[in-house]
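A.B. asks: These protein sequences, in sequence, are chains A and B. The opening position of the first sequence corresponds to residue 0 in numbering that gives the first Met the number 0, with each subsequent residue numbered one higher. The opening position of the second sequence corresponds to residue 0 in numbering that gives the first Met the number 0, with each subsequent residue numbered one higher.
In short, the hints are calculated from the structure, not lab data. Remember, it's a predicted structure, so these values are computed and weren't measured experimentally.
Listed next, with one range per pair, are the computed distances between beta-carbon atoms:
{"hint": "1", "chain 1": "B", "residue 1": "L193", "chain 2": "A", "residue 2": "A61", "range": "39 to 47 angstroms"}
{"hint": "2", "chain 1": "A", "residue 1": "M46", "chain 2": "B", "residue 2": "A104", "range": "16 to 24 angstroms"}
{"hint": "3", "chain 1": "A", "residue 1": "R112", "chain 2": "B", "residue 2": "P181", "range": "19 to 27 angstroms"}
{"hint": "4", "chain 1": "B", "residue 1": "R200", "chain 2": "A", "residue 2": "A61", "range": "48 to 56 angstroms"}
Here a beta-carbon is modelled for each residue, glycine too, at the ideal position from N, C-alpha and C.
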Amino acid sequence: MSAEQPTGQPPQPPAPTPSARLIATLGGIALVAGVLVVSVVEWTRPMIEANRAQALQEAVLAVVPDAVESRAFVLTDTGLVPAEQAQADGPLVHAGYDAQGRFTGAALEASGRGYADVIRFLYGYDPECQCILGISVLQSQETPGLGDRIETDPDFQASFEGLDASLNEQGTGLAHPIRAVEPGESDAPGEIDAITGATVSSEAVVDALHDSADDLLPRLAPHWSSLERSE
Amino acid sequence: MAGEREPISMDTFLRGIWRENPVFVMLLGMCPVLAVTNTTANALAMGLATTFVLVCSMALISVLRDLIPKEVRIASFIVIIATFVTIVDYAIQAISLELYSALGAFIQLIVVNCMILGRAEAFASRQPLLKTLVNSLGVGLGFTLALLCLGSVRELLGAGELLGVPVLGEAFQPWVVMLLPPGGFFVLAGWLLLFAWIKERRDHRAKTAKEATADGR
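Chain A with its partners taken away, still in its complex shape (with noise of 0.2 angstroms):
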C-alpha cells in the first residue's frame, strides 16, 4: 500500500524555492480556478433561476387546485401590485387562475422554525370559501423517516384541506385560531392533527400556518376583487 511512497534513503532537503515563485504558482492557479467559477456561475446562472421558478410555479399550482397559471403580486400599503411592477418590498401574493382566466384562489409563502431548520412551505386560499386549500412544502430539512412526512404524510396532507379560515366580525384575524392537537383529536374549526413521531415538525407548519394567515388575511381581505383578471 505504501508503494507509492518514496522508499529507501531519506531524500536530501531541497533548496527551499524562491518567495516569489510560491506566490506566482498560488497566483496563477488562482486565477485559473476564479476564471473556471466565474464562467461556470454565469454559464448555470439562467438555468438555476429556471428550476427555482419552475419549482414555485408547480408548488402554487399545487396548492390552488384549479389553477392552470399564476402570477405573483406584492401586497404594499396602496394595494395588490404585480411583482415586475412593485417598487417596495412586501409579502408575495401568487395569484392563481383556472383555464378561463377566473381567479381561483391565492398561493401565499409562510415559514416557522422546524425541528432542524426552517420550514418555508406556501399554502393556498380561497376568499370565496375562506379557507385554505393545501399547503407544498418548499424548503425543509426535517429528519428523513420522521419530520420530513409533513411533506409525505396524505392524512397531514388532506387535514388542511378546506381548512376553516374565516375572519372574525371586526376582520383584525382569524375567527377560530389554527393550531395542532394531539393525533385524532381534531373536531373544532381551524384544528389540525399532529403527526405521531414528528410532533415538533407539524406543529411548527400550524404555527407558522396561523401565523402567517392572521397576519395576512385581514391586510387581504379588502383586496381580492382586485386579483380578479384584468388585463
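Since the structure of chain A is already known, use the hints to place chain B on it.
C.D. replies: Here is chain B on its own, set in the frame of chain A:
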C-alpha cells in the same frame, strides 16, 4: 504494487474498485459515506459528483505536478479541488433543485474529502496524466459503488423502496432507523464484516493450499 515507472495496466484501474477500495478497504471519506447514503439516488449523485471532482482535479494536478513547488502543494491542491467542487455545486443546482437540497452541505464538503487529497498526494502529484486519469476513474468508481452498496440497502430496509420504486410491498414495515445516521453505521459495519469474512476465507484457503503443496513434495 505500482512503482513510479510501472506501465498502465488493468490493475491501475481495478485497484481503486476492489483491492484499494476507498470506503471498504481504506476507510477514507467516511463523512459523505455515512451522511448522504439514505437513498440510492442520493448515493449515486454523491458518488458521481465525487468522481467528477476526483478525476478533473487529479488530471489538473498531474499536468501541473512539475510546476507546483513542494512548499505550496497542499494549498494548490485544495484550491484546485475547491474549484471543481464549486463547479459541481452549481451544476447540480442547474440540474435539479430537489437533488441539491437532498445532498445539502455535503457537496461543498467534497473539498475536505480526505480520499481526494490523499489521491493528490500519493498518486497524481507523482504520475503522468494518462495513468492518473485511469487510476482516478477507478477510485471514483469504487467510491460510487461503495456508496451505492450502502444507499440501496438503507433505502430498501428504511423505506421498502429502490430508487423510489416500492419493492417490498405494503406489508413491509420500514425500519426508519436505517434512514437516520445510525443506519449508516449499521449498514457500513455489515458490509465491512462481509468483506473481512471474504478476505479471511480467501487467506485461509490460500494458506491451506500452500500447506498442501508443501506436504506433497
